[in-house]
Amino acid sequence: MTAEKKPKKGGILGVFKDIVYGMSSHEMTRYAVRSRASMEHLFILITMGDLLGVPILPPYYSLRLLPYVTPQISSWKRRMLRERDITDVLG
Amino acid sequence: MSLRTVFESQPERRYIMFGGKGGLGKTTLSATCAFWLASQGKRVLLFSVDPQASLSDIFQKDIFGKGPVPIIQNLWAQEVDADRRIKDYQEEIRKKILDMYGFDRVPEEIDNYIAAASAEPAMEESAIFDAVVDIVVQGNYDYYIYDLVPLGHALYYLSMAKVYDEWINKITKLREDMRQYDQVAATMRREETLEEDKILSELIYIKDRINASSRILTDKRRTAFFFVVVPEEMIILDTRKAAELFSKFDVPISGYVVNRVLPPDLGAGNIPQYLKNRIAMQQKYMRDIEATLGAQVLAHVPEMERDITGLGMIERLAKRLFEEGAA
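Just so you know, the sequences run in chain order A and B. Numbering-wise, the first sequence is residues 1 to 91 according to my numbering. Numbering-wise, the second sequence is residues 1 to 327 according to my numbering.
Quick caveat, the hints were computed from the structure, so don't treat them as lab data. These numbers come from a predicted model, not from an experiment. Ideal placement from N, C-alpha and C gives every residue a C-beta, glycine not left out. Treat the hints with care, since some could be wrong.
In silico contact screen, one side only, chain A against chain B (beta carbon under 7 angstroms); selected entries [unchecked claim]: (1) F16; (2) Y21; (3) A32; (4) V33; (5) S35; (6) P58; (7) Y61; (8) R64; (9) L65; (10) P67.
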């Protein structure tokens with residue numbers, strides 16, 4: 001991208017390094033950063049759910065609803081916990 | 001106005017609460033008031049949800065977790081056992097899951113969740129909340145006297161009604177929106193009928209209960225909230241703060257009862273300096289109370305010569321408070 005404008009410091013070796021980084025590690029870094037971000041989001045969801053309209057339930061009443069969602073619980077958990085977000089679907 | 005005229009002039013009152021810091025005599029006054037109303041021929045339920053409830057102690061009878069127990073004619077007392085209630089409730093939920101899906105046993109993941117939810121401190125609070133709603137919505141009694149736990153808890157309880165109400169409104173709305181999508185999908189698939197949303201029905205039920213409770217608490221016509229104070233600086237300051245908080249929750253404060261008043265003629269006798277100082281101090285705070293609360297003070301309760309336990313003592317205090325004008 002900006003390789004031509006860069007000072008000659010790294011020279012051809014620097015460009016090569018960048019290319020290798022782009023081919024190998026960049027994807028992994030992106031993945032890690034994204035995982036981190038989605039975990040961060042999950043954490044916020046659990047602790048601050050109220051801010052997004054995900055209420056912190058009064059437990060006595062949430063138990064009352066439990067029987068109705070029992071069959072969906074494991075798939076819901078899988079879905080909430082899998083490390084994918086909307087950008088995975090779009091990209 | 002005296003405590004007696006307050007009751008006689010407000011025949012629509014059904015829910016009576018005494019609030020105040022711990023150890024000021026809320027239970028004593030609740031019991032006395034319940035006793036007097038019962039002796040006037042009203043059907044009275046005196047109840048407590050405090051795990052350290054002292055109704056058993058004051059009536060000298062073990063009533064913990066036994067439902068409404070008759071004390072004298074027209075008077076029942078009840079101490080709710082929250083732990084028992086939570087255990088029964090967990091069982092009920094498990095049974096419902098088994099029945100609904102024909103399982104032999106509750107899936108482990110679900111069972112763990114039930115256990116974890118019940119271990120939360122909020123579980124006890126919300127179970128207690130529900131127990132109170134259970135009691136007050138029955139409508140079998142002329143008066144419900146709620147022996148509240150100390151102030152902090154009372155405020156927590158009151159604020160909880162508000163929080164729950166908001167929560168449930170939010171989630172019910174969400175569910176209704178979901179329902180609309182179901183409706184659209186059903187129409188596109190040309191399905192004639194849409195299955196009833198059981199979760200929505202449950203939510204509406206929960207909402208009704210919470211609303212019933214907060215409606216009662218803030219109903220000036222049917223609910224009376226009395227504060228118990230004693231003539232001591234800290235207590236007066238704390239009570240003032242609490243009264244401000246209560247008014248934020250629209251809880252109608254109907255008056256104050258000053259407890260533990262030393263007999264003023266005591267000071268006239270030949271008594272040690274220590275007692276003289278105590279009496280002088282109390283009189284100073286009595287004037288403070290008079291200046292700030294004035295006509296809102298409905299009764300002064302004398303410091304008795306012994307603890308108030310047992311029906312005999314309660315009867316004596318009731319006479320003193322309601323019959324003799326209680327100066």
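Verification of the hints:
{"no.": "1", "hint": "F16", "verdict": "violated, 51 angstroms"}
{"no.": "2", "hint": "Y21", "verdict": "violated, 43 angstroms"}
{"no.": "3", "hint": "A32", "verdict": "violated, 29 angstroms"}
{"no.": "4", "hint": "V33", "verdict": "violated, 31 angstroms"}
{"no.": "5", "hint": "S35", "verdict": "violated, 24 angstroms"}
{"no.": "6", "hint": "P58", "verdict": "holds, 4 angstroms"}
{"no.": "7", "hint": "Y61", "verdict": "holds, 5 angstroms"}
{"no.": "8", "hint": "R64", "verdict": "holds, 6 angstroms"}
{"no.": "9", "hint": "L65", "verdict": "holds, 6 angstroms"}
{"no.": "10", "hint": "P67", "verdict": "holds, 5 angstroms"}
Hints 1, 2, 3, 4, 5 from the earlier list are contradicted by this structure; the remaining hints agree with it.
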